[in-house]
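Trainee: Please take these sequences and the hints and turn them into a complete structure.
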Amino acid sequence: MPDNKAFEETRILETANRLTERDPDRIKQRMQDKFLAIAAGNDSSVKQWFVLRTAHRKENDVHKAVIDAGIEAWLPMKKAIQQRRHTRPSKEIMIPVFSGYLFVKAVSCAESWVGLSRIDGAVSLIFGQQGALVVSDKYMNDLMCLTDAGSFNEGRSLPHFKGGERVSYDLAGNVFNGVVEGYVGTRAARVLSFIFGQERVIEVPLANLKKSA
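Under our numbering, residues 14 to 226 are what the sequence shown spells out, in order.
Hints listed in this document are in silico derivations from the structure and should not be mistaken for laboratory results. Each hint should be verified, as a subset may be incorrect.
Stated by the list, open to error - Distance windows between CB atoms, simulated: (1) VAL197 x PHE111: 14 to 20 Å; (2) ASN55 x GLN95: 39 to 45 Å; (3) GLN211 x PHE140: 37 to 43 Å; (4) SER225 x ASP150: 28 to 34 Å; (5) GLN95 x SER57: 43 to 49 Å.
Said to hold, decoys possible - Capping the alpha-carbon separation at 16 Å, the derived lysine to aspartate or glutamate pairs in EDC-like fashion look like this: (6) LYS224 x ASP183; (7) LYS41 x ASP161; (8) LYS92 x ASP161; (9) LYS60 x GLU124; (10) LYS91 x GLU167; (11) LYS91 x GLU105.
Using N, Cα and C, we set each Cβ at its ideal position, and we do this for glycine too.
Mentor: In structure tokens form, the structure reads like this:
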């Protein structure tokens, strides 16, 4: 059986070498624009989420460049406390949740990888045994919900609930009640709820939970 990962990496390397060997900057830029256009695709293109690694403190610059190229991207941010010297008060700042990484939604092909990795400040996509590592839509949705709820914010104490404790939470503008069954990591809980006539266990960020009377 052929090694698809090795074949793909060979294509990436060959394409990158062709780009490097072209001397005129105008030709390099034209090829780069073509690769990024392939990565962006069109409305009917099949695109998936991938992880793009960046140089130190270049997350925002790379994120802007990816967006400017017409490629969907997401850089999760969190609040952090910046400690200052002497008697100056600490300052609240926004920093990336995952230092050195951002998420891009692109067409899966070698040209996309070359274009994305050659953005100024970018390093490469994260690769696994089967090629570029795909992040599922469910994982992305869960991560976005946790980020929006402020679950990654630093300097914030999250509530703790015991198994079997009754809680309430907001979902799509509606308040629901449930019972805590357990935890998912340190930022969310599994809650047994009665939603729209059905009993379900769902994951709820701890920041969204409140004790029920």
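Trainee: Hints first: check each against the structure and report whether it holds.
Mentor: The hints, checked one at a time:
1. VAL197 x PHE111: 14 to 20 Å: Given a distance of about 18 Å, which is inside 14 to 20 Å, the answer is holds.
2. ASN55 x GLN95: 39 to 45 Å: Given about 42 Å between the Cβ atoms, the range holds.
3. GLN211 x PHE140: 37 to 43 Å: For GLN211 and PHE140 the Cβ distance comes to about 40 Å; the hint holds.
4. SER225 x ASP150: 28 to 34 Å: The hint (28 to 34 Å, Cβ to Cβ) holds, given that SER225 and ASP150 are roughly 32 Å apart.
5. GLN95 x SER57: 43 to 49 Å: 45 Å, holds
6. LYS224 x ASP183: 12 Å, holds
7. LYS41 x ASP161: It is violated: about 39 Å lies between the C-alpha atoms, which goes past 16 Å.
8. LYS92 x ASP161: At roughly 11 Å apart (the allowed maximum being 16 Å), ASP161 and LYS92 satisfy the hint.
9. LYS60 x GLU124: Holds. LYS60 to GLU124 sits at ~14 Å (cutoff 16 Å).
10. LYS91 x GLU167: The hint holds at about 7 Å.
11. LYS91 x GLU105: 10 Å, holds
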